[in-house]
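Add chain B to chain A, keeping to what the hints say.
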Amino acid sequence: ELKVEQNPLFLSMQEGKNYTIYCNYSTTSDRLYWYRQDPGKSLESLFVLLSNGAVKQEGRLMASLDTKARLSTLHITAAVHDLSATYFCAVDWGGMTTDSWGKLQFGAGTQVVVTP
Amino acid sequence: DVKVTQSSRYLVKRTGEKVFLECVQDMDHENMFWYRQDPGLGLRLIYFSYDVKMKEKGDIPEGYSVSREKKERFSLILESASTNQTSMYLCASSPLLSGNTIYFGEGSWLTVV
Numbered sequence: 001e002l003k004v005e006q007n008p009l010f011l012s013m014q015e016g017k018n019y020t021i022y023c024n025y026s027t028t029s030d031r032l033y034w035y036r037q038d039p040g041k042s043l044e045s046l047f048v049l050l051s052n053g054a055v056k057q058e059g060r061l062m063a064s065l066d067t068k069a070r071l072s073t074l075h076i077t078a079a080v081h082d083l084s085a086t087y088f089c090a091v092d093w094g095g096m097t098t099d100s101w102g103k104l105q106f107g108a109g110t111q112v113v114v115t116p
Numbered sequence: 001d002v003k004v005t006q007s008s009r010y011l012v013k014r015t016g017e018k019v020f021l022e023c024v025q026d027m028d029h030e031n032m033f034w035y036r037q038d039p040g041l042g043l044r045l046i047y048f049s050y051d052v053k054m055k056e057k058g059d060i061p062e063g064y065s066v067s068r069e070k071k072e073r074f075s076l077i078l079e080s081a082s083t084n085q086t087s088m089y090l091c092a093s094s095p096l097l098s099g100n101t102i103y104f105g106e107g108s109w110l111t112v113v
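Here the protein sequences come in this chain order: A and B.
Going by our numbering, the first residue of the first sequence is number 1, and it counts up by one from there.
Going by our numbering, the first residue of the second sequence is number 1, and it counts up by one from there.
Just chain A, same shape as in the assembly (with noise of 0.2 Å):
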């Protein structure tokens, strides 16, 4: 069984500072999605990471996904309170033929607050 492990579970941030969220999983897959989700709302895509040493940026955020370790990681920089939500990591454990992909196993979450 897949597992996706996502620590911190709660994270408070000061305005300013840098940030980590760490993401193991537990079975191969080069296939990794970070989202956000605000409270009451929809999941919002952040990041789709594709293969081993994949790297994307947006803004404040930067993610990371290294396959052999079986560990993605979301960076924070310079925290602002825009960034407060909850977010996920999911890990695509679908096989690897094309009618397979999609298939989501996610971690719990990790819910940031960010005050001044």
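Be aware that one or more of the hints could be misleading.
What the hints assert, rightly or not - Think about it this way: if two alpha-carbon atoms lie no more than 27 Å apart in a straight line, the pair counts; the simulated DSSO-like pairs of lysine-lysine are: (1) A:Lys41 / B:Lys57; (2) B:Lys71 / B:Lys18; (3) B:Lys71 / A:Lys3; (4) A:Lys17 / B:Lys71; (5) B:Lys3 / A:Lys56.
These aren't lab readings, by the way, just hints derived from the structure by calculation.
Frame of chain A; chain B shown alone:
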């Protein structure tokens, strides 16, 4: 913009009722998914479909069924609702090829009393 629309945002149903949750996507995506989200558990896959009339079980299919009669529509059915099915249900869709973003609907909050 891709739009995944879930017809009901908030529902309250009684134990034993049959419940239909409808989802429509407007981008001609082949893949569609139903997840449920519970606090501390993240999202768990209930069913998915790669084509019309095709369905496969996810992690937690017990107590649920699905229907995909048209490419753009994927319905989740609770044959006999129970209180442990109180949850938020999220529909998602994506193109067939991997590496594409998987788009989620706004969610349906279901309370079974």
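Hints violated by the structure (listed by number, smallest first)
3 and 4
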